[in-house]
Each structure stands twice: as C-alpha cells, then as structure tokens.
Amino acid sequence: MELVGFSAGGWGWSFLSGLVVTVEVAILALPLGLFFGLLIALGRQSKSRLLRIASIGYANAFQAIPELLTIFAIYHGCSHLIQLLMSGLDIQTSWTVPGVAAGSFALSLVFAAYSSEIWLGALAGIGRGQYEAAMSLGLSGIVSLRIVVLPQAFRLALPGLGNLWIILLKDTALVSLISVSEFMREVNLAVAATHRYFVLYLFACLGYIVLTKISEFVLERLNLRASRHLVRAA
Amino acid sequence: MIMDTSLVVDNAGRLYEGFKLTLALVGLSAACAAIVTVPLVLGLRSNAWAPRAVSGAYVTFFRGSPLLAQLFLIYYGSGQFRPLLEYLGVWWLFRDAFFCSVLAFALNSAAYTAVLVKGAIDALPEGQWEAAAALGLGWFATLRKVILPQAIRVALPGYGNEIVLLTKASSITMAVTLYELLGVIKVIYSRTFDITIYIWAAAIYIVIVSAIRLGFALLERSFFRW
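Here the protein sequences come in this chain order: B and G.
The first sequence runs 1 to 234 under the working numbering.
The second sequence runs 1 to 226 under the working numbering.
Honestly, the hints are just simulated from the structure, not real lab data.
Since this is a predicted model, take the numbers as computed values, not measurements.
It is possible that part of the hints are untrue.
Pairwise CB distance ranges, derived in the manner of DEER restraints [claimed, not checked]: (1) 159/B <-> 219/G: 36 to 42 Å; (2) 224/G <-> 139/B: 39 to 45 Å; (3) 56/G <-> 159/B: 49 to 55 Å; (4) 96/G <-> 127/B: 41 to 47 Å; (5) 219/G <-> 152/B: 46 to 52 Å; (6) 119/G <-> 127/B: 27 to 33 Å.
To spell it out: a stretch of chain B is covered by chain G in this simulated footprint if at least three of its residues, at any positions, have a beta carbon under 8 Å from a beta carbon of chain G; those stretches are [unchecked claim]: (7) 55 to 66; (8) 193 to 205; (9) 208 to 217.
Yeah, the Cβ is synthetic: ideal placement off N, Cα and C, and Gly gets one too.
Build out the structure end to end from the sequences listed, making use of the hints.
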C-alpha cells in the first residue's frame with residue numbers, strides 16, 4: 001500500500017498527476033472531436049457529391065486506421081512539418097511538437113470519425129416537421145441548426161457520445177508511447193524503479209476502471225437531465 | 001505530394017513479415033476469444049448470483065481498462081510469478097511476447113464479444129424459449145436449434161466491428177517488443193525519418209479493414225439469405 005501512497009517513497013503524487021494529464025488529454029480532444037464530427041455528419045448529408053464522398057471517406061479512413069498510427073503520424077508529421085518550415089526560414093531546429101498537443105489532436109481526429117456516426121443518427125432522429133417549422137419561421141439554415149435542431153439532436157446523441165468518451169479515455173493510454181507523462185507512463189516509470197510489475201499494472205487497470213465508472217455515473221446524470229422533460233410525474 | 005514507392009518496395013519483405021504477424025495475432029486471438037466467450041455468456045445469463053457476479057466483474061475489468069495496461073499486466077506481471085509458472089510448467093509460454101499478446105487480446109475481446117452475444121440472445125422474444133419448451137426440446141437443443149441461429153444474425157454485424165477493433169488494437173504489441181505491421185513501420189520511420197511511410201501504413205490498414213468488412217458483409221448475406 002505504501003507503494004501507491006502519498007508518503008515518502010510512495011508514488012501517489014506522480015500517479016495523481018498522471019491521472020490529471022490523462023483526463024486533460026481526453027478533455028482537450030473533446031471540443032474539436034465533437035465539432036469536427038458534427039461537420040463530417042453534415043457533410044455526409046450534404047447535397048454536394050464531392051462533400052459527401054470526402055466526409056464518408058474521412059469517417060471510414062479514420063475508423064480503419066489504428067489510433068496508435070494516427071498518433072505517431074501526427075506527432076512525427078507535425079514536428080517534421082515545423083522543422084521543414086523553419087529550415088525554409090533558415091532556422092535550424094530540432095523542436096518537436098509537445099506530446100500532449102499531438103496526442104489529443106490525433107485522438108480528436110479519431111473521435112470526429114466515430115462521432116460523425118452518432119451525429120448522423122441523432123440528426124436523422126429529428127422529425128422533418130422541425131426543419132419545416134424552422135423554415136416557416138424564417139430562420140436561416142445555420143440558425144435553425146443552432147437553436148432548433150442541435151438542442152434536440154444533442155439529447156439523442158448523448159448516450160452514443162458517452163460511449164465514445166469512455167473509449168477516448170482508455171485510448172489516452174496510447175499517448176504514453178509518445179512519452180506523454182500521463183497515468184500509464186507514470187505507472188511504467190514506477191515499475192521501472194520498483195520492479196513491482198504485477199501490483200502496479202493491476203493498480204493501473206483499476207485506476208482506469210475508476211475513471212470509466214465515474215464517467216458512467218456522470219453520463220447517466222447528464223442523460224437524465226437531458227431527457228427530464230420526458231419524465232412523467234409518478 | 002509525390003509518393004515515393006521505393007520506401008515500400010525496399011522494405012516489402014519486412015512489411016510482409018509484419019503483416020503476417022498481425023494476421024496471426026488477430027486470427028489466434030479471435031479464435032481463443034470465441035472459446036472464452038462461451039462460459040462468459042453462460043455466466044452473464046445465469047440465474048445463480050455467483051456466476052453472474054464473476055462474469056460481471058470480468059467484463060467490467062476488461063472493458064473498463066485500456067488494453068495496453070492489460071497487456072503490460074500479463075506480459076510483465078507474469079514475470080513476478082515465475083517460480084509458480086515454472087512449477088506449473090507454463091513459464092515458457094508466459095516468457096513469450098507473442099503468447100502474452102494473444103492471451104491479452106483474447107481475454108479482452110472475449111469480454112466485448114460476451115456482452116454482444118448476451119445482448120443478441122436477450123433481444124429474442126421470450127416466446128422462442130416457450131415454443132421450444134412446448135415442442136419438448138431440451139435446454140441445449142433449444143440453444144442450438146432455435147436461439148443461436150437467430151442470435152448469430154443479430155450479433156454478426158457487431159462481431160465484425162469487434163474483429164476490426166481487434167485488428168487495430170493488435171498494433172500495440174510493439175510495447176512488448178513484438179513488431180507486427182505498425183511496429184515494422186515505426187522501425188522503418190526511425191531509420192529513414194520519412195513520414196510518407198505513415199501514409200503508406202494508413203493505406204495498408206484501410207485495405208486490411210476493408211477486406212474484413214467485405215468478408216463480414218458477404219457472411220451476413222449468407223446468413224440473411226432467407
């Protein structure tokens with residue numbers, strides 16, 4: 001127990017800071033992943049053939065590519081690009097993109113591909129009448145999307161997005177392989193120092209399970225809140 | 001962008017080795033997962049609380065934590081039980097990264113598959129069981145002749161997804177010194193510092209996953225033909 005405690009010789013503080021970074025990487029991936037996923041979903045229903053093909057291609061590609069490959073490609077690719085730009089300006093640098101930024105950007109690209117499926121389903125769940133009513137009120141496309149369709153679609157999308165959030169949370173363990181000091185890496189460091197392999201990796205699994213259980217609890221609350229207008233009085 | 005094919009051509013042999021390893025990992029893990037799934041589904045659907053609790057805890061553990069952590073737990077964690085494993089005569093298995101990876105993937109995938117199959121069986125109307133009972137079929141005959149043929153049709157698309165996820169997940173074995181397709185690609189990158197190899201890698205994975213999806217689409221068609 002003193003191994004994972006907060007006293008001297010315990011790894012409690014590094015584990016805690018690792019957990020914070022884990023949640024940070026996941027939360028940073030969320031806004032772009034959600035927004036970009038919505039754009040992809042809209043693109044998939046677009047009238048333009050080109051836009052449809054591009055969106056479907058994006059969604060299929062990023063669902064097929066391993067998350068780890070996306071992470072490596074973004075991490076090394078962005079660093080490479082910046083070094084190329086800098087050498088164009090005659091500045092020699094070996095600067096690399098911070099792992100947290102590259103990791104959450106890569107995970108948000110994957111999240112967008114999967115969440116576009118959820119958004120697509122949610123948008124399909126909104127009746128035609130809603131669009132027609134918004135149009136007859138004289139609302140423009142973007143305004144009707146923002147104040148009529150999305151608030152309703154969000155409730156339908158919430159359970160699916162919640163599942164994706166939990167997958168995202170577990171996928172953050174992969175960014176330990178590009179040396180981000182998140183939970184998994186902190187555990188690896190502790191293992192390297194103490195050689196207590198089994199206990200520490202078991203502790204790592206349990207740490208993630210706690211995170212996913214907390215997420216499930218919060219998501220359930222959010223779901224209840226989002227559909228509170230549907231609950232009838234007993 | 002000009003794609004330089006020499007990068008792939010020069011490393012074709014290495015890539016092919018990695019591809020074969022990926023295939024072996026996925027195939028073997030999926031087969032073992034299918035075996036583990038059976039007792040899990042029975043446990044999850046059991047009327048007694050003890051099997052339900054055990055399989056429920058199993059599913060929570062393997063679905064609630066990252067596969068990478070589970071792989072580390074099995075590969076590195078087993079080293080601490082070396083005397084016991086040597087005594088049991090299975091140490092040579094746990095020393096092997098390939099075996100540990102297959103074990104981790106199979107145990108993990110079985111948890112997801114069990115939930116999938118349980119859902120498919122639960123989705124069948126109660127009348128199916130009652131009708132089978134009225135015909136005098138036993139429990140096993142009901143399962144084999146009535147329930148499973150219908151449940152498989154419900155579960156098949158989800159199972160295809162699970163195999164795709166397993167294929168993608170197999171790319172993490174480089175963390176335990178096992179260089180399958182993505183591992184080989186990472187090695188090529190660190191030798192050449194040529195990022196186009198990642199674009200090739202993405203293309204290769206898209207082809208593999210498309211092939212799996214096509215295979216399952218054909219399989220589904222043969223199950224849905226009536």
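Okay, the hints, checked on the actual structure:
About 28 Å separates the C-beta atoms of residue 159/B and residue 219/G, a value inconsistent with the hinted range of 36 to 42 Å. Hint check: residue 224/G to residue 139/B, Cβ distance near 43 Å, so the stated range 39 to 45 Å holds. Taken as a hint, the range 49 to 55 Å is violated for the pair residue 56/G and residue 159/B, whose Cβ atoms sit roughly 21 Å apart. Checked against the hint of 41 to 47 Å, the C-beta distance between residue 96/G and residue 127/B comes to roughly 57 Å, which is inconsistent with it.
A hinted range of 46 to 52 Å is violated for the C-beta pair residue 219/G and residue 152/B, which are about 37 Å apart. Separated by about 28 Å at the C-beta atoms, residue 119/G and residue 127/B satisfy the suggested range of 27 to 33 Å. For the stretch 55 to 66 of chain B, the proposed coverage by chain G is satisfied: 6 residues have a C-beta within less than 8 Å of a C-beta in that chain, meeting the threshold of three. Residues of the stretch 193 to 205 of chain B lying with their CB closer than 8 Å to a CB of chain G number 7, which satisfies the three-residue condition for coverage.
Counting residues of the stretch 208 to 217 of chain B whose beta carbon lies closer than 8 Å to any beta carbon of chain G gives 4, which reaches the threshold of three, so the coverage claim holds.
The structure does not agree with the numbered hints 1, 3, 4, 5 stated previously, though it agrees with the rest.
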